[in-house]
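Visitor: Sequence:
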Amino acid sequence: MKNFIDAELASRRLLKPEEVRVVKKEVWVDTGATMLTLPEEVVEELGLTKGRFITASYADGTKKRRQIARGINIEVMGREALVECVVEAPGTRILLGQIPLEAMDLIVDPKAGKLMPRPESPDMPLIDVLRLDV
1 MKNFIDAELA SRRLLKPEEV RVVKKEVWVD TGATMLTLPE EVVEELGLTK GRFITASYAD
61 GTKKRRQIAR GINIEVMGRE ALVECVVEAP GTRILLGQIP LEAMDLIVDP KAGKLMPRPE
121 SPDMPLIDVL RLDV
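Everything in the sequence shown is counted per this note's numbering, starting at 1 for the first residue and increasing by one.
By construction, these hints were calculated from the structure, which means they are not laboratory data.
All residues carry an ideal CB built from backbone N, CA and C; glycine is no exception.
Accuracy of the hints is not assured; some may be wrong.
To be verified - Each pair of labels, with its calculated beta carbon distance range:
| hint | residue 1 | residue 2 | range |
| --- | --- | --- | --- |
| 1 | Gly113 | Arg12 | 25 to 31 angstroms |
| 2 | Lys63 | Trp28 | 31 to 37 angstroms |
| 3 | Asp60 | Asp133 | 45 to 51 angstroms |
| 4 | Met116 | Lys24 | 33 to 39 angstroms |
| 5 | Lys16 | Ala112 | 20 to 26 angstroms |
| 6 | Gly47 | Thr92 | 36 to 42 angstroms |
| 7 | Arg52 | Val23 | 35 to 41 angstroms |
| 8 | Leu82 | Glu40 | 35 to 41 angstroms |
| 9 | Thr49 | Ala103 | 32 to 38 angstroms |
| 10 | Gly47 | Val108 | 26 to 32 angstroms |
Unchecked claim - Quick list of in silico lysine-lysine cross-link-like pairs, DSS-like style, CA-CA up to 25 angstroms:
| hint | residue 1 | residue 2 |
| --- | --- | --- |
| 11 | Lys25 | Lys114 |
| 12 | Lys50 | Lys64 |
| 13 | Lys63 | Lys50 |
| 14 | Lys50 | Lys24 |
| 15 | Lys24 | Lys63 |
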(Lines of atoms letter the chains of each structure in order from A and count residues from 1; the text may use other names and numbers.)
(Lines give C-alpha, C1' and ligand atoms only; values in the text may rest on other atoms or scores of the structure.)
Protein backbone atom coordinates (compact mmCIF):
# COMPACT_ATOMS: atom_id res chain seq x y z
CA MET A 1 0.00 0.00 0.00
CA LYS A 2 1.24 3.47 -0.74
CA ASN A 3 0.11 7.04 -0.44
CA PHE A 4 -1.21 7.93 -3.90
CA ILE A 5 -0.51 11.66 -3.53
CA ASP A 6 3.11 10.96 -2.54
CA ALA A 7 3.49 8.69 -5.57
CA GLU A 8 2.05 11.35 -7.88
CA LEU A 9 4.37 14.00 -6.48
CA ALA A 10 7.32 11.65 -6.95
CA SER A 11 6.29 10.98 -10.56
CA ARG A 12 6.42 14.77 -11.13
CA ARG A 13 9.80 14.96 -9.39
CA LEU A 14 8.36 17.09 -6.60
CA LEU A 15 9.14 14.41 -4.02
CA LYS A 16 12.03 11.98 -3.85
CA PRO A 17 10.98 8.38 -4.61
CA GLU A 18 12.28 7.24 -1.21
CA GLU A 19 9.94 9.76 0.47
CA VAL A 20 6.82 8.02 -0.85
CA ARG A 21 5.08 6.49 2.17
CA VAL A 22 4.73 2.75 1.61
CA VAL A 23 3.51 0.03 3.95
CA LYS A 24 3.72 -3.71 3.31
CA LYS A 25 1.32 -5.66 5.47
CA GLU A 26 -0.52 -8.94 5.45
CA VAL A 27 -4.17 -8.50 4.52
CA TRP A 28 -7.14 -10.77 5.03
CA VAL A 29 -9.55 -11.16 2.14
CA ASP A 30 -13.10 -10.75 3.41
CA THR A 31 -15.79 -11.28 0.77
CA GLY A 32 -18.36 -10.13 3.33
CA ALA A 33 -16.67 -6.73 3.62
CA THR A 34 -17.37 -3.92 1.18
CA MET A 35 -14.21 -1.83 1.37
CA LEU A 36 -10.61 -1.97 2.47
CA THR A 37 -10.31 -1.50 6.23
CA LEU A 38 -7.10 -0.23 7.83
CA PRO A 39 -6.24 0.28 11.48
CA GLU A 40 -5.60 3.85 12.59
CA GLU A 41 -1.82 3.37 12.87
CA VAL A 42 -1.49 2.25 9.23
CA VAL A 43 -3.59 5.23 8.08
CA GLU A 44 -1.26 7.51 10.04
CA GLU A 45 1.89 5.79 8.76
CA LEU A 46 0.70 6.28 5.18
CA GLY A 47 -0.28 9.89 5.90
CA LEU A 48 -3.73 9.44 4.38
CA THR A 49 -6.35 12.18 4.23
CA LYS A 50 -9.41 11.46 6.36
CA GLY A 51 -12.79 12.65 5.12
CA ARG A 52 -16.42 11.77 5.50
CA PHE A 53 -18.00 9.48 8.07
CA ILE A 54 -20.03 6.33 7.42
CA THR A 55 -21.88 3.80 9.52
CA ALA A 56 -20.08 0.47 9.51
CA SER A 57 -22.12 -2.67 10.06
CA TYR A 58 -20.27 -5.59 11.65
CA ALA A 59 -20.84 -9.36 11.50
CA ASP A 60 -22.04 -9.40 15.13
CA GLY A 61 -24.84 -6.96 14.24
CA THR A 62 -23.28 -3.86 15.84
CA LYS A 63 -22.99 -0.57 13.98
CA LYS A 64 -20.34 2.06 14.55
CA ARG A 65 -19.51 5.46 13.13
CA ARG A 66 -16.24 5.28 11.21
CA GLN A 67 -14.19 7.69 9.15
CA ILE A 68 -13.09 7.15 5.56
CA ALA A 69 -9.51 7.81 4.41
CA ARG A 70 -8.62 8.51 0.80
CA GLY A 71 -5.75 8.05 -1.60
CA ILE A 72 -4.49 4.53 -1.05
CA ASN A 73 -2.89 2.74 -3.96
CA ILE A 74 -2.98 -0.97 -3.21
CA GLU A 75 -1.25 -3.74 -5.10
CA VAL A 76 -2.20 -7.39 -4.83
CA MET A 77 -0.85 -10.10 -7.12
CA GLY A 78 0.59 -7.50 -9.48
CA ARG A 79 -2.73 -5.67 -9.86
CA GLU A 80 -3.31 -2.16 -8.56
CA ALA A 81 -6.30 -0.12 -7.46
CA LEU A 82 -6.75 3.38 -6.08
CA VAL A 83 -9.24 3.08 -3.22
CA GLU A 84 -10.64 4.55 -0.04
CA CYS A 85 -10.63 2.72 3.28
CA VAL A 86 -12.59 2.52 6.49
CA VAL A 87 -10.44 3.67 9.40
CA GLU A 88 -10.65 1.11 12.20
CA ALA A 89 -9.39 1.02 15.77
CA PRO A 90 -5.66 0.57 16.36
CA GLY A 91 -4.46 -3.02 16.14
CA THR A 92 -7.37 -4.31 14.06
CA ARG A 93 -6.86 -6.66 11.15
CA ILE A 94 -6.52 -5.27 7.62
CA LEU A 95 -9.43 -6.50 5.50
CA LEU A 96 -9.66 -6.44 1.73
CA GLY A 97 -13.32 -6.22 0.72
CA GLN A 98 -15.35 -6.48 -2.46
CA ILE A 99 -14.80 -2.99 -3.95
CA PRO A 100 -11.00 -3.29 -4.19
CA LEU A 101 -11.30 -6.95 -5.27
CA GLU A 102 -13.62 -5.89 -8.11
CA ALA A 103 -11.33 -3.02 -9.08
CA MET A 104 -8.42 -5.45 -9.40
CA ASP A 105 -10.64 -8.14 -10.97
CA LEU A 106 -9.66 -10.73 -8.36
CA ILE A 107 -11.87 -13.55 -7.13
CA VAL A 108 -11.81 -16.01 -4.27
CA ASP A 109 -11.74 -19.73 -4.95
CA PRO A 110 -13.41 -20.99 -1.76
CA LYS A 111 -12.59 -24.66 -2.37
CA ALA A 112 -8.87 -23.98 -2.72
CA GLY A 113 -8.92 -21.10 -0.23
CA LYS A 114 -7.05 -18.91 -2.73
CA LEU A 115 -7.27 -15.45 -4.20
CA MET A 116 -6.81 -15.45 -7.96
CA PRO A 117 -7.37 -13.45 -11.13
CA ARG A 118 -10.70 -14.10 -12.80
CA PRO A 119 -10.13 -16.88 -15.39
CA GLU A 120 -11.43 -14.65 -18.20
CA SER A 121 -8.73 -12.07 -17.40
CA PRO A 122 -5.53 -13.80 -16.31
CA ASP A 123 -3.15 -11.05 -17.51
CA MET A 124 -4.89 -7.83 -16.49
CA PRO A 125 -8.18 -6.65 -15.00
CA LEU A 126 -11.21 -6.98 -17.25
CA ILE A 127 -13.76 -4.37 -16.26
CA ASP A 128 -17.36 -4.60 -17.42
CA VAL A 129 -18.69 -1.41 -18.97
CA LEU A 130 -22.32 -0.93 -19.91
CA ARG A 131 -22.70 0.17 -23.50
CA LEU A 132 -25.13 2.97 -24.02
CA ASP A 133 -26.46 3.41 -27.53
CA VAL A 134 -27.15 7.00 -28.31
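Visitor: Hints numbered earlier in the text: which of these fail when held up against the supplied structure?
Guide: 1, 2, 4, 5, 6, 7, 8, 9, 15
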